[in-house]
Amino acid sequence: MFNVLRLTIHCAGLLPLLWLGYILNYGDISLIFGADPIKELIHFLGLTALYLFTALFSLRIINRLYGNGRLLTLHKPLGLWGLFWLTLHILSYLALELAFDYRLFLNEIIKRPYLIVGVLAFVFFLLPATSSIPMLRRKLAKNWFILHQLSNLAIVLAIIHYYWSTKGIALQPLIFLVFAIMVLAWKFFSNQIIACKNKTRQF
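Under my numbering, the first residue of the sequence shown carries the number 522, and numbering increases by one thereafter.
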């Protein structure tokens with residue numbers, strides 16, 4: 522069962538990349554991504570990352586509710602695939618929109634504060650990912666858990682970045698926003714929720 526889930530996660534991370542490679546090389550990019558294909562391509566990369574990170578945090582909540590420690594073995598591949606797509610999102614923005622002009626990037630940050638939120642989300646996702654390196658994890662010792670708490674803030678910031686960047690009210694950003702609120706609520710009230718669940722079982 523868990524091998525199937527692990528394979529599903531790797532497929533979810535890899536298949537969109539293969540599809541994208543095919544579209545960019547053999548397909549009509551404007552037909553898929555519309556009149557502004559560069560903007561939509563960047564958006565697609567970021568949204569794929571957000572889907573993967575949303576799945577990761579959903580997995581955390583399910584694991585805590587039902588106490589199935591084996592689910593945590595799926596945590597690492599989901600996180601690394603999410604970070605991979607997030608890195609593609611940022612690199613594509615820097616390359617395709619700004620041609621790696623860092624002065625222009627600074628100007629964009631001043632004009633569009635949601636970019637600051639996005640950069641912070643990336644940093645807060647990247648730092649916990651470093652604990653996947655065995656040598657760094659040994660050096661961090663017990664501090665690795667504290668580092669992982671940054672990812673809770675990262676998912677909220679990433680969703681705020683996405684919602685803010687859409688510049689309007691749409692269903693999908695609102696759904697992600699509700700999920701961000703759920704993550705925050707879970708962070709602060711998970712112990713109470715689990716205690717209530719256990720009491721309900723006793724009755």
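Think of the hints as simulated: they come from the structure by calculation, not from any bench.
We put the CB at the ideal spot given by N, CA and C, even for glycine.
Please note that a few of the clues may not be correct.
[To be verified] Simulated DEER-style distance windows between Cβ atoms: (1) I696 x I631: 22 to 32 Å; (2) I667 x G588: 46 to 56 Å; (3) I631 x A533: 32 to 42 Å; (4) T608 x L705: 22 to 32 Å; (5) V699 x H596: 15 to 25 Å; (6) F621 x V644: 11 to 21 Å; (7) I667 x W707: 33 to 43 Å.
[Stated by the list, open to error] Straight-line distance between alpha carbons at most 30 Å, and here's what the computed DSS-like set of lysine-lysine pairs gives: (8) K597 x K660; (9) K708 x K688; (10) K632 x K560; (11) K708 x K660; (12) K560 x K660; (13) K688 x K632; (14) K708 x K597.
Hint-by-hint comparison with the structure:
1. I696 x I631: 22 to 32 Å: holds (30 Å)
2. I667 x G588: 46 to 56 Å: violated (23 Å)
3. I631 x A533: 32 to 42 Å: holds (36 Å)
4. T608 x L705: 22 to 32 Å: holds (25 Å)
5. V699 x H596: 15 to 25 Å: At roughly 23 Å between Cβ atoms, H596 and V699 fall inside 15 to 25 Å, so the hint holds.
6. F621 x V644: 11 to 21 Å: Holds, at about 19 Å.
7. I667 x W707: 33 to 43 Å: violated (18 Å)
8. K597 x K660: holds (19 Å)
9. K708 x K688: Judged against 30 Å, a Cα distance of about 28 Å means the pair holds.
10. K632 x K560: holds (17 Å)
11. K708 x K660: Since the Cα atoms of K708 and K660 sit roughly 26 Å apart, the hinted pair holds (cutoff 30 Å).
12. K560 x K660: violated (41 Å)
13. K688 x K632: Holds, at about 14 Å.
14. K708 x K597: Given pair K708, K597 holds - Cα atoms ~20 Å apart, limit 30 Å.
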